[in-house]
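There are 2 protein chains.
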Amino acid sequence: MANRQIVLKQKPSGKLAPEHFALREEPVPTPGPGEVLVRTLLLSLDAANRAWMHGRTYTDPVESGDVMHGFTLARVEASNDPGFKPGDVVEAMNGWQDYAVHKPGALAKVTPVKPLSHAMSVLGVTGKTAYFGMLEIGRPKPGETVLISAAAGAVGSIAAQIARMQGARVVGLAGSDAKCQWLLRECGLDAAINYKTAALPKLLRQHCPKGIDVYFDNVGGDIFEAALFQMNERGRIVCCGAVSQYDTATPTAGPRGVPGLIVVKRLKLQGFIVMDYYNKRAEAERRLAEWVGEGRLKVAEDIVEGLEKAPEALCGLLAGENLGKRMVRVVPEA
Amino acid sequence: MANRQIVLKQKPSGKLAPEHFALREEPVPTPGPGEVLVRTLLLSLDAANRAWMHGRTYTDPVESGDVMHGFTLARVEASNDPGFKPGDVVEAMNGWQDYAVHKPGALAKVTPVKPLSHAMSVLGVTGKTAYFGMLEIGRPKPGETVLISAAAGAVGSIAAQIARMQGARVVGLAGSDAKCQWLLRECGLDAAINYKTAALPKLLRQHCPKGIDVYFDNVGGDIFEAALFQMNERGRIVCCGAVSQYDTATPTAGPRGVPGLIVVKRLKLQGFIVMDYYNKRAEAERRLAEWVGEGRLKVAEDIVEGLEKAPEALCGLLAGENLGKRMVRVVPEA
Numbered sequence: 001m002a003n004r005q006i007v008l009k010q011k012p013s014g015k016l017a018p019e020h021f022a023l024r025e026e027p028v029p030t031p032g033p034g035e036v037l038v039r040t041l042l043l044s045l046d047a048a049n050r051a052w053m054h055g056r057t058y059t060d061p062v063e064s065g066d067v068m069h070g071f072t073l074a075r076v077e078a079s080n081d082p083g084f085k086p087g088d089v090v091e092a093m094n095g096w097q098d099y100a101v102h103k104p105g106a107l108a109k110v111t112p113v114k115p116l117s118h119a120m121s122v123l124g125v126t127g128k129t130a131y132f133g134m135l136e137i138g139r140p141k142p143g144e145t146v147l148i149s150a151a152a153g154a155v156g157s158i159a160a161q162i163a164r165m166q167g168a169r170v171v172g173l174a175g176s177d178a179k180c181q182w183l184l185r186e187c188g189l190d191a192a193i194n195y196k197t198a199a200l201p202k203l204l205r206q207h208c209p210k211g212i213d214v215y216f217d218n219v220g221g222d223i224f225e226a227a228l229f230q231m232n233e234r235g236r237i238v239c240c241g242a243v244s245q246y247d248t249a250t251p252t253a254g255p256r257g258v259p260g261l262i263v264v265k266r267l268k269l270q271g272f273i274v275m276d277y278y279n280k281r282a283e284a285e286r287r288l289a290e291w292v293g294e295g296r297l298k299v300a301e302d303i304v305e306g307l308e309k310a311p312e313a314l315c316g317l318l319a320g321e322n323l324g325k326r327m328v329r330v331v332p333e334a
Numbered sequence: 001m002a003n004r005q006i007v008l009k010q011k012p013s014g015k016l017a018p019e020h021f022a023l024r025e026e027p028v029p030t031p032g033p034g035e036v037l038v039r040t041l042l043l044s045l046d047a048a049n050r051a052w053m054h055g056r057t058y059t060d061p062v063e064s065g066d067v068m069h070g071f072t073l074a075r076v077e078a079s080n081d082p083g084f085k086p087g088d089v090v091e092a093m094n095g096w097q098d099y100a101v102h103k104p105g106a107l108a109k110v111t112p113v114k115p116l117s118h119a120m121s122v123l124g125v126t127g128k129t130a131y132f133g134m135l136e137i138g139r140p141k142p143g144e145t146v147l148i149s150a151a152a153g154a155v156g157s158i159a160a161q162i163a164r165m166q167g168a169r170v171v172g173l174a175g176s177d178a179k180c181q182w183l184l185r186e187c188g189l190d191a192a193i194n195y196k197t198a199a200l201p202k203l204l205r206q207h208c209p210k211g212i213d214v215y216f217d218n219v220g221g222d223i224f225e226a227a228l229f230q231m232n233e234r235g236r237i238v239c240c241g242a243v244s245q246y247d248t249a250t251p252t253a254g255p256r257g258v259p260g261l262i263v264v265k266r267l268k269l270q271g272f273i274v275m276d277y278y279n280k281r282a283e284a285e286r287r288l289a290e291w292v293g294e295g296r297l298k299v300a301e302d303i304v305e306g307l308e309k310a311p312e313a314l315c316g317l318l319a320g321e322n323l324g325k326r327m328v329r330v331v332p333e334a
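Taken in order, these protein sequences are the chains called A and B. Just so you know, the first sequence maps onto residues 1 to 334 in the numbering used here. Just so you know, the second sequence maps onto residues 1 to 334 in the numbering used here.
Among the hints, erroneous ones may be present.
As the list claims (entries may be wrong) - Chain B is nowhere near these chain A residues, computed Cβ spacing over 10 angstroms in every case: (1) V7; (2) Q10; (3) E19; (4) L23; (5) E25; (6) T57; (7) G65; (8) H69; (9) K85; (10) D88; (11) V113; (12) D217; (13) A242; (14) Q270; (15) G271; (16) A300.
To be verified - So the derived list for chain B, only partly shown, Cβ under 7 angstroms to chain A, looks like this: (17) Q270; (18) V274; (19) M275; (20) Y277.
Hints listed in this document are in silico derivations from the structure and should not be mistaken for laboratory results. It should be emphasised that the depicted structure is a prediction, and the values quoted were computed from it without experimental measurement. The beta carbon of each residue, even a glycine, is placed where N, CA and C say it ideally should be.
Okay, chain A solo, but in the shape it has when bound:
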């Protein structure tokens, strides 16, 4: 039995392409004393994966020759730790491979849900990122205007619907008319803007006539700057990602208006990761599950079949081709 691994052959200097990766097979590792062997069921693909190739962030950087890093849901296959038994489903940073061995502290048990993919999308890091970003940092009030970039993406689509439930007027940005239609029809947004069709400042003024109170930013770059100039006094910018800057060797210049507009408009900008709100994790999962059960929160998943498809699927994600949460199903029955 082999352990398929996808390795980053070489860090890209510009745009990431499938050719930067290579598939290899290694023996399945054997867990040592106190260790646990797990098998990857679902592999999360995230824009942040690309940012990890640029160096140290909140997690270890990906170096040339590494098995590509990635967040996974996995099943315990063999355990030398009393806390885990075969069949348990866990969260683990397995990376892009079938099997990995971990110390128990690197694993977190996951409540079995059906479909299991929900534990990676709406109930996983994705959903909780949207939840905490919107409710702890954005804090929209009824009647306020909330703008969300990459609104048809994994985090954006959930963040947008959560803002809607708070009674805000919600405007989404997406890169195609089809995504905009989906945001309006399925997610109930008040407006959706295809940012590729015209100059953004004008479109923002048109669709946010009262200005922007909360901007949930997944992209950075020119869209960040355009939103900044339309922010209302005491507005909040949720700094969740900067995908426009990840897949390039030449990031755009910084946004004009920083820090001047932050000062005169008394804005708050904040970056965060889900672990910053660890104490509220269970409550977040419970509420998200309730909203899904009640049909108030639509879950969009974009599942690619087979580990070997991961390189192409990540490049596609960076080009904006996904609708909702993109992941790779590594084991067919997962």
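Fit chain B to the supplied structure of chain A, relying on the hints for placement.
For chain B alone, kept in the frame of chain A given last:
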């Protein structure tokens, strides 16, 4: 009896110069029913005065032909309102003139202190800006590193000393060796950097070897960018001013690393004005007065004599020539 007024003849397109202003004399105005006539005692000069010429901020913009706007301490000369009587000292937005008439709602009584200038510096907007910015947004913990730009300025010098009282390691940036010496000797800073002497990123790495936890920014521009790149995870940036960008028609490009570094370092950036913390105003004044009384907080004032000196004094402030709070004494005995 005349009311001297200094008018902004024409908004500057580039650098502000004394020639942009003109002195004129008008009759002293007469208060109507319910109105109050006040006389300017002390006129505050602030970098923000220049920003007001660029357009709408948290206050009305200054237009060509306006009496220059400015914050003042004033004395009631005549009152048609039962809440005010001649001799009361009040805060008022008189602007650059001897006399003004106000509705009572535009005036706030000031507790008489000696010297009165303290009500404009450490106990006024300046001191409270430093206090709230550092304690409500920066929130330095003992042992953390706090960096302050324009540290020998009005707000910076107080903010630096407040951070020191919290047990933080405090590093100040200033534009001359003399100011740096003053910061070290009088204000007790741990390090002071003359940012004009060498490349800032290197100086920051040298003087902030553990990185920066709190950056209290008064200047924006290149210094903001250099600080951003040295911030630690979960750092806070107090966005208090952007003086490097005010006195020019060509602001620098925005800082690189926004919003990317905000995301990966989970930073918080926040702009504010003193009125955002109105409820805590009395407590702030009480504590600031205590610290001054105990000799723990040094107050630096840079008082220019005579209303006619205001244009030159503001231009000098924008060029960084002041040490501490610059103001104009309009009435000799004030």
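Outcome of the hint check:
no.	hint	verdict
1	V7	holds, 24 angstroms
2	Q10	holds, 22 angstroms
3	E19	holds, 26 angstroms
4	L23	holds, 29 angstroms
5	E25	holds, 33 angstroms
6	T57	violated, 4 angstroms
7	G65	holds, 23 angstroms
8	H69	holds, 15 angstroms
9	K85	holds, 35 angstroms
10	D88	holds, 31 angstroms
11	V113	holds, 28 angstroms
12	D217	violated, 6 angstroms
13	A242	violated, 4 angstroms
14	Q270	violated, 5 angstroms
15	G271	violated, 4 angstroms
16	A300	holds, 23 angstroms
17	Q270	holds, 5 angstroms
18	V274	violated, 11 angstroms
19	M275	violated, 9 angstroms
20	Y277	violated, 11 angstroms
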